[in-house]
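K.L.:
These are the residues of each chain, in order.
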Amino acid sequence: MRVGLFIPCYIDQFYPQVGVATLQLLEKLGCEVVYPPDQTCCGQPMANSGFGHLTHGCNDLFIKNFSGFDYIVAPSGSCVLHIKEHLHGEGDASAKQAAGGAGSKHPDGGEHPDGGADIAGKIFELVEFLTDILKIERLDAAFPHKVGLHQSCHGQRGLHLAQMSELMAPPFSKPERLLSMVKGLELTGLDRLDECCGFGGTFCVTEEAVSVKMGKDRVADHIKHGAEFITACDMSCLMHMEGILRRHKSTARVKHIAEILNSQ
Amino acid sequence: MRPHNNHTDHAALAAIFNRDEPRVDWHDQTLWWVRRKRDVAASKVPEWEQLREAASRIKDNVLSHLSGYLAQFEEAAMRNGVKVHWAADAAEHNAIVYSILQRHRVDRMVKSKSMLTEECGLNEFLHEKGIDVVDTDLGERVVQLAGEPPSHIVLPCIHKKKEEIGEIFHEHLGTPSGNADPKFLTHAARLHLREKFLTRRVALTGINFAVAETGEFVVCTNEGNADMGAHLADVHIACMGIEKLVPERRHLGVFLRLLTRSATGQPITTYSSHFRRPRPGQEMHVVLVDNGRSVHLGRPDFRNSLKCIRCAACFNTCPVYRRSGGHSYHTAVGGPIGSILSPNFDREKNADLPFASTLCGSCSNVCPVKIDIHQQLYKWRQVIVREGYAPVVKKAAMQTMNWVLSNPGLYHAAGKTGRWFLLHVPFAVNNGLNAWYRQREMPEPPKQSFGEWYKKNKHE
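Protein chains in written order, with our numbering: chain A, 1 to 264; chain C, 265 to 724.
Below, in silico cross-link-like pairs of lysine-lysine (DSS-like), each with a Cα-Cα straight-line distance of 25 Å or less:
{"#": "1", "chain 1": "C", "residue 1": "LYS720", "chain 2": "A", "residue 2": "LYS64"}
{"#": "2", "chain 1": "C", "residue 1": "LYS722", "chain 2": "A", "residue 2": "LYS64"}
{"#": "3", "chain 1": "C", "residue 1": "LYS720", "chain 2": "A", "residue 2": "LYS28"}
It is worth saying that the hints were derived from the structure and are not from the lab.
These numbers were taken from a predicted model, which means no experiment stands behind them.
In isolation and in its complexed conformation, chain A is listed as follows:
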């Protein structure tokens, strides 16, 4: 199984250890992992800011880098969701349906001529890949700490990594299931199971006041329940919460789920 490793730009630049953990974890589980060196960014920061029409360069690059793999895996629900939803091939109705698209002209102002649909079907967020493709039943990992799980919205509500509190449907959580395989790890609870942390891409600066308040409240909920570490499937949420924790000189820390699942 040949896996293309997609490391989102901010992980590449600020949290290389998350990329390393993802790579090691996948290799441990028997995957042949290749990191295409010319990758940069999925284009989401521009698209979510309304500049989807600028992202053709990123789209082209992404397709060039990631064509020909059996799977593409990234330690980010948000970037994976963006690729799934907004890297369409022109007129490819089935890809649109799979990604939940409306079947109308793509609002980004254009569509990628080819390759998009193929990639949308092959790209997986790490936890989703471990659960649904590798079908992991046990893990050789230990992390003897109290850990609070932050459900990053795009992974949860976009990729359905876990049940959403708004829906009247049976609960499940792919990240929680994997974390329960880690020796010594104690999951702490939350008053509000799946409230957004307030990162939101450029929202974190354009709506600074609300973004910070949301982050403070999310962090407080975790600390109230005794979390020593906050983990998530998205480093962007954790970067935001880490910024708040460090500003308040909290002893609580953040750790990407790949690092926890890869710890010995």
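Since the structure of chain A is provided, determine the placement of chain C on it from the hints.
P.N.:
Only chain C this time, still in chain A's reference frame:
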């Protein structure tokens, strides 16, 4: 003056709201409590998700055959003895209401349950014509006395603490200063409003659902003020957006089960009043208002926002709304649904609203008619930027960022130890003020990027 006339953008208004953190906490917790009540109520209906799906499909049908249902409704209503009016926009709506008042030589009116008249600016319009309009629903009356617009479409004065309401009543209704006992204040309001009900000859109400099959309409209230107003007045004017139709009476069973559970967590409103024909001697008018809706209907990406039944579940669940307050949306209908409806009415004035969201998606999940609210927020962003309403600074930053991110060579050169990133990444986009750093530490750039680590460890 009403705040939304002094227009500032959502972020600025939200920042003002956030200066008082304990108040933000109170507002957030109050509305979260309503969201939780909704969860409990919905969880008691085993077929909840099927109900949402059914409601969504019924509304799909309505939107696809709107002109036919409107004609059917008009015909049935006229047969019932109701006078039906068509208003293309807010100005026509206001003129129709005014002409009815003039014909009856009336200069005062009671009103209940109508966000549409907020949308049309009816109160201000009639005020200028010398007509005294009294909003009779308690929350509406509170904000009316305070000279403010509602901050929430179901709970209009949810931003006011009871002590503040006590002071407003003291000032306007002469209750003792310092008395903030809700029971006492409600009683005072009741006495004050009773006099209005008994002396007003015209009552205006909103409409929650209009039934094409029968020409009847349903008004859902908890206080019964719509009934009190309509039953005591010689003239009942009911105003509705053209999207409020359901095809048949039996469809009400789906919507009435969803509406109040989604809104407040009650199984149903205290009163679900069906109005079908005027009582002998009474005049009944229905005003059907377009005001941009038919244009909206022609936009495939956005039309299904017209399914909205105004339950406000998306307000209560929205983590941004709860922490920014309703007035930060500077429109009659705020919150997530307002952020996708308002750009339709006035793109320039409301260009900020689709950005007042993290796109977390909670709104779409609570929506009883399954409007894909967060997807439409994303789509509006694309439209707004393409039409040129993006701030110039943001545009320049995005173009630079895109240029670098499209060129691996530039990215690798720029990205050494994160220096370029610290200046240009999304979260530092307005680096002049560095909105990230004001209340958050920056990430610490590591010694090497993942790409550099990979090259050293895997390629050598």
